[in-house]
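S.K.: As a plain string of letters, each chain reads:
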Amino acid sequence: MYVAVKGGEKAIKSSLKLLEKKRKETGTKSIEINQIKEQLSFAVDRVINEGSLYDKDLSALAIKQSQGDLVEAIFLLRAYRTTLERYAYSTAIDTSKIIIKRRISASFKDIPGGQILGPTFDYSHRLLDFSLMKEDEINSYENINNQEPKNKEFPSVIDYLNNENLLEQEINNLNDNPFDVTRDPMKFPASRDQWMQILARGDEGFLLGLSYSAIRGFGSKGTHPFVGEIKYGIVDIFISPDELGFEICIGEIEISECQMIDQFEGNKNTPPQFTRGYGLTFGYNERKSMAISIVDRALKSEGYGEEIKFPIQDQEFVLYHADNVEAQGFVTHLKLPHYVDFQGELNLIRKLRNEILQGKKL
Amino acid sequence: MKTGFNFAYLDEATKRMIRRKILKAICIPGYQCPFGGREMPLAYGWGTGGIQVTASIIGKQDILKVIDQGADDTTNAVSIKNFFKRVCNIMITDRTAEASLIQTRHRIPETTLNKDQIIVYQVPQPEPLRKLEPKEKETRKLHAYKEYALMHVKLYEEISQFGSVIKTWAYPVETNNRYITDPTPIPKFDNPKMNNMEALQLFGAGREKRIYAIPPYTKVKSLDFDDHPFEIQTWDECCSICGSTKSYLDEIIINNEGKKNFICSDTDFCKSNLEKNK
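Going down the list, the sequences are from chains B and H. Adding 14 to a residue's 1-based position in the first sequence gives its number in this note's numbering. Adding 1 to a residue's 1-based position in the second sequence gives its number in this note's numbering.
Treat the hints loosely; a few may be bogus.
[As the list claims (entries may be wrong)] Estimated spans, in silico, between C-beta atoms of each pair:
no., chain 1, residue 1, chain 2, residue 2, range
1, H, LYS279, B, SER44, 22 to 30 Å
2, H, ASN278, B, ILE26, 28 to 36 Å
3, H, LYS261, B, PRO192, 55 to 63 Å
4, H, GLU238, B, ILE26, 40 to 48 Å
Hints in this document: simulated from the structure, not taken from any laboratory. Beta carbons: idealized from backbone N, C-alpha and C, even for Gly.
With the sequences and hints as input, model every part of the structure.
M.R.: In structure tokens, the structure reads:
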């Protein structure tokens, strides 16, 4: 009996060393986790979403370890979260009770509580700021008087449309046993809780492309959705342990939420009405929350009895291919040796060619 | 040795869940049993299903063998062995006969497996009908109704177009007269070994979250037609190392002019055969 130590083993060891060398060889100063967390916060927020673990420190660590390869960082975080025990499911968060940092509506000029632009690249000019090439210590910033409203109630704007029944009701059928995408295998037809979880941790690029396809013409009716409301802020997380019988707050998280309004032509039984698409993400991921809301609406097509003819409406197409940990794994597995299979193909193609070249009748 | 992780990485509740699914899979040979697959620290498509099955059934006394393309020393096989060494600290072997647990990608060892062994296959796509019907909702129905016309027509079309079935690997089988099963991308050369195998055969698909099984001594038939019986690959050449004419051969290009040699894909078999012939 012996432990297999052969060529592969040595090659793997050297490969890992080379990877480490790549990070260190120029001898620059090591980046601190805090610097990544604070100064690359959008990357950190993307990784906590798709890694589906709300831990910004570990996210920053994963980004450092993966040398900035975010899909790799997401994978690291996923592989870590899988070892964590699940203590409890939180109760549904209430996004009307939010410490608001940004909140806009594109459907109404003014809204109760006001439009709050907050931090956004939206109106920045995308000109490279060469002063950042050599930035001294970040120890001062212009403290703007932003009159941030604290702890106010911000009820959902689009619910105002409910008064006239113009908007579909979002029926509150909170399930005691929500689908858990980290524990349950995919099932079809998929339920909304299932697809919302998959979209929340789905690949941002994939979802962005899909949502773009829908509003460009490869979506139902090619209609143009309206942003009812976008929010970015901090909400409390509650759990309700059986032994206590009441809710306790266990912490707070940053979220981005998008409520999209879309059209519905109506049918024999239902008069025309606006419909909703909803997107929710951890952290500040506004673009992704918008993409999710468009995909969500498209996935509801079947429920409205709309014709399913575009990829974005197809549950299996969207949900099976949104996860970048799965996608990157399977695409890159093509790097693994396939010589046994390829030998089968070689063997066959020679046989087929010989038969044809020798004029053998099929 | 302290690894910092639970024995075999997964927590005990997860392992129990997977073992229950394995038992169900064994009770319904060839049926694809959904399971709550977990993320593993190795990439999807690189053996996470097999790794989860192995991690759930492995014990401290087990002796593990891992092969990829038949070889013990390919990088991914080495990487999986390193993973189990790190989280289990168990015995590892190259010898097929010594192993109690064999995890494989794309081959079944040439050495006949016995009743005290378990072979765990890594499965990229558990659904043999997937290329014919992309929808899971539909393929589950087709299996439930034992409605396999799609597959038979496909094989028939290949024969009418090429004179023979052109599937050379992942050649579909029927398990226990019931489910059409994907044997994983093993060459069709290995299909006959699955029939009536003494060892338990377990299949883990991580990305697709399915487990299926073929219990020992189960009939496994490669699909064919009376006038076009199933055939395995043959070579005019023999292994240039051990001289075997009975094993599956890999083709090696040995110089820039494209001169080729053939060697056994099963490295352990090749080594044993060479020793025997000395």
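S.K.: Which numbered hints does this structure break?
M.R.: Hints 1, 4 not satisfied by this model.
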